[in-house]
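Place chain Y on chain W using the hints.
2 protein chains.
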Amino acid sequence: MDFTLLKTDVGSKARAGTLTLDHGSIETPIFMPVGTVGTVKSVHQRELREDIKPDIILGNTYHLYLRPGIEILEQAGGLHKFMGWEGNILTDSGGYQVYSLSNNRKIKEEGVHFKSHIDGSKHFFTPENVMEIQRSIGADIIMAFDECTPYPCEYGYAKNSMHMTHRWLERCIEHLKKVPFKYDYAQTFFPIVQGSTYTDLRKQSAEYIAGVNADGNAIGGLSVGEPAEEMYAMAEVVCDILPQDKPRYLMGVGTPINILENIALGVDMFDCVMPTRNARNGMLFTSEGTINIKNKKWENDFSPLDPSGMTFVDSDYSKAYLRHLFAANEYLGKQIATIHNLGFYLWLVRTARERILSGDFSDWKNKMVNQMNKRL
Amino acid sequence: MDFTLLKTDVGSKARAGTLTLDHGSIETPIFMPVGTVGTVKSVHQRELREDIKPDIILGNTYHLYLRPGIEILEQAGGLHKFMGWEGNILTDSGGYQVYSLSNNRKIKEEGVHFKSHIDGSKHFFTPENVMEIQRSIGADIIMAFDECTPYPCEYGYAKNSMHMTHRWLERCIEHLKKVPFKYDYAQTFFPIVQGSTYTDLRKQSAEYIAGVNADGNAIGGLSVGEPAEEMYAMAEVVCDILPQDKPRYLMGVGTPINILENIALGVDMFDCVMPTRNARNGMLFTSEGTINIKNKKWENDFSPLDPSGMTFVDSDYSKAYLRHLFAANEYLGKQIATIHNLGFYLWLVRTARERILSGDFSDWKNKMVNQMNKRL
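Chains W and Y supply the protein sequences, listed in that same order.
Residues in the first sequence are numbered from 1 upward in steps of one, following the UniProt record's numbering.
Residues in the second sequence are numbered from 1 upward in steps of one, following the UniProt record's numbering.
The following block holds chain W by itself, in its conformation from the complex:
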């Protein structure tokens, strides 16, 4: 893995860089579409490759472990080959899904016992076996096994959990030292900063993580219901401590505004289900503001989905047509909205990058944040 920092913004801490992995280069800041079980929901791989062009997508260890299962992924030669995606893949470690299971899991020092949401079958994740699962999946970037604390979280719990996440991190690193390449390409490891919304814990965790000297670093445990201001405050504290010359990944974030504000704080990588999940509910993010396409007001609006036209759906379809598809409960509506929203998110981070490189990021960001607050 190589990370080259090309420019840091004058008016903010925003950075433009290039991250090179064995499945190609990624221009940062980047948004990674979420491909939960080996598919970015309702999007063809060709559309990812030729229209949305994210360079890297995310897969979920928990979901892929349950379906199709590690055996089949290994037989296929890894997730890239299984799903027909030649770009990069990052896998989360299952920590967030384990957190979501709440009543169906038990967290211990050794690892996490949990029940499958599909059939209730019992499973056990440890730092060591989660590394093995991610190696088998074949992700280009594999994430440390961590505990994602809820919001709000008591200080004592957050502190103990953070320390356990640090101990788990050591176990991940120890395990990875012992094993050779799984496939014919490198798999890079990112540790995760935790510490809930407590500044002192976040500082302590960021210093610990920085000390590990990994190729890249992640910030976890945010975007779990806390106010945006707390998220920004934590991201700022952490970014100021994490190494300048390594990529920083803020996990599970967020709205277009969240992304712009965190880019301004020095974050390089993002992922979130929002563009895809909200698309399936009829919410479009556009260059002019947010649209609920189910609204009757679009019924006879034959203008394109977004005049700035990020992907083919913006020129091929009108608002009235998309509104009709949602009213008639036609799945093509969800497909169109998903491609539009992913196109918009990728446009957003690409344009942010251009603005960082051209030196007028902050002005543009403030204007865009204003625009993104509009509901059309």
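Note that these hints are calculated values from the structure, not bench results.
Take the hints with a grain of salt, since some may be wrong.
Heads up, the list lumps identical chains together, so a pair's fine if it works in one copy or across two of them.
Computed cross-link-like contacts, DSSO-like style, restricted to lysine-lysine with a CA-CA straight-line distance of at most 30 Å [said to hold, decoys possible]:
1) 203 to 182
2) 297 to 81
3) 297 to 122
4) 81 to 294
5) 374 to 178
6) 41 to 294
7) 374 to 41
8) 53 to 41
9) 108 to 159
10) 297 to 115
11) 246 to 159
12) 182 to 296
13) 41 to 81
14) 7 to 41
15) 296 to 41
16) 297 to 41
17) 367 to 177
18) 246 to 122
19) 81 to 296
20) 106 to 297
21) 122 to 296
22) 294 to 374
23) 294 to 122
24) 203 to 106
25) 108 to 122
Using the frame of chain W, we list chain Y on its own:
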């Protein structure tokens, strides 16, 4: 409209022709994908245009009349513009949907009273207003308003119904004589032969329809549950009477075998929900036979969906991957299967055409029928 018959097969009555309408030329025999409410379910218009290339698709008058409604379609400038499809469109007349509503409709000489399947609201279709609805939709080919009788059907009912369909036909024709072009292109009218599974009624109806001297003719009331042999018998009787120099459209048919057998009897045009509906249930039609992709046997079969590869999905995805998508209930699975099946149907009719032109249709047809009977 222009129809040029290029060749008739020596060993059968199969025909190859070219049908030219104002939205482009159609090579026959042709299969028309069904786009019920202005969308071929889960298929992007770009995929229709560039991958499946059907030249003509079908829209359903009943569904489009209810949603989005005629007012919006007229404001859009017709269905082509509304949905962003520049190829040809044929609309059915609503006769089949009215037949499907069974308990929610009352058929009288004047027309059909029915209740919407969406909200139970009351509506009235007459031969005259169904012509107007199809004109507003803007179909290139509009179909006569008919009664589609069920199977089995008593002789007396079938006979009376056929005569009413003929009287309705006169009303359609009278109405169309009085009205100018709706949009800036021609809309061609096809009458429909009825008569259930009674040879004498089919002959009588086919003679009546032939006498109308329309630009093309359709065979309705088949593919409603009768044995394939009865369908073929009726299609043969009717094709032998309908004019040679006009295209013949067998409505709602059918399996790949049904299509091949009816091509051999002289049918030029087909439509059916089977490739799309069955795809959504995990059934693939391939050049090697039929596949239920949900079957566990495909779990680790990493071979392409179909080695003959009609569209991009056949090379982009493996059977194991598609099986996984269905197992995980991921909508991309339905999208992939739909494109595959439509690609296969279009490949089937295109190859039939090539074989007719090259003079070895019958041999190929018999081989294919054999292959299509296989369940893999």
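Status of each hint after checking the structure:
no., hint, result
1, 203 to 182, "neither (34 Å within a copy, 71 Å between copies)"
2, 297 to 81, "between (44 Å within a copy, 19 Å between copies)"
3, 297 to 122, "between (49 Å within a copy, 25 Å between copies)"
4, 81 to 294, "between (37 Å within a copy, 20 Å between copies)"
5, 374 to 178, "neither (52 Å within a copy, 51 Å between copies)"
6, 41 to 294, "both (20 Å within a copy, 19 Å between copies)"
7, 374 to 41, "within (27 Å within a copy, 32 Å between copies)"
8, 53 to 41, "both (15 Å within a copy, 25 Å between copies)"
9, 108 to 159, "within (15 Å within a copy, 78 Å between copies)"
10, 297 to 115, "between (45 Å within a copy, 27 Å between copies)"
11, 246 to 159, "within (26 Å within a copy, 81 Å between copies)"
12, 182 to 296, "between (53 Å within a copy, 27 Å between copies)"
13, 41 to 81, "both (18 Å within a copy, 28 Å between copies)"
14, 7 to 41, "neither (34 Å within a copy, 46 Å between copies)"
15, 296 to 41, "both (26 Å within a copy, 22 Å between copies)"
16, 297 to 41, "both (28 Å within a copy, 25 Å between copies)"
17, 367 to 177, "neither (47 Å within a copy, 59 Å between copies)"
18, 246 to 122, "neither (38 Å within a copy, 66 Å between copies)"
19, 81 to 296, "between (43 Å within a copy, 20 Å between copies)"
20, 106 to 297, "neither (48 Å within a copy, 35 Å between copies)"
21, 122 to 296, "between (47 Å within a copy, 22 Å between copies)"
22, 294 to 374, "within (17 Å within a copy, 45 Å between copies)"
23, 294 to 122, "between (41 Å within a copy, 25 Å between copies)"
24, 203 to 106, "within (28 Å within a copy, 75 Å between copies)"
25, 108 to 122, "within (15 Å within a copy, 63 Å between copies)"
Figure legend: structure checked against the earlier numbered hints; hints not met, in rising order: 1, 5, 14, 17, 18 and 20.
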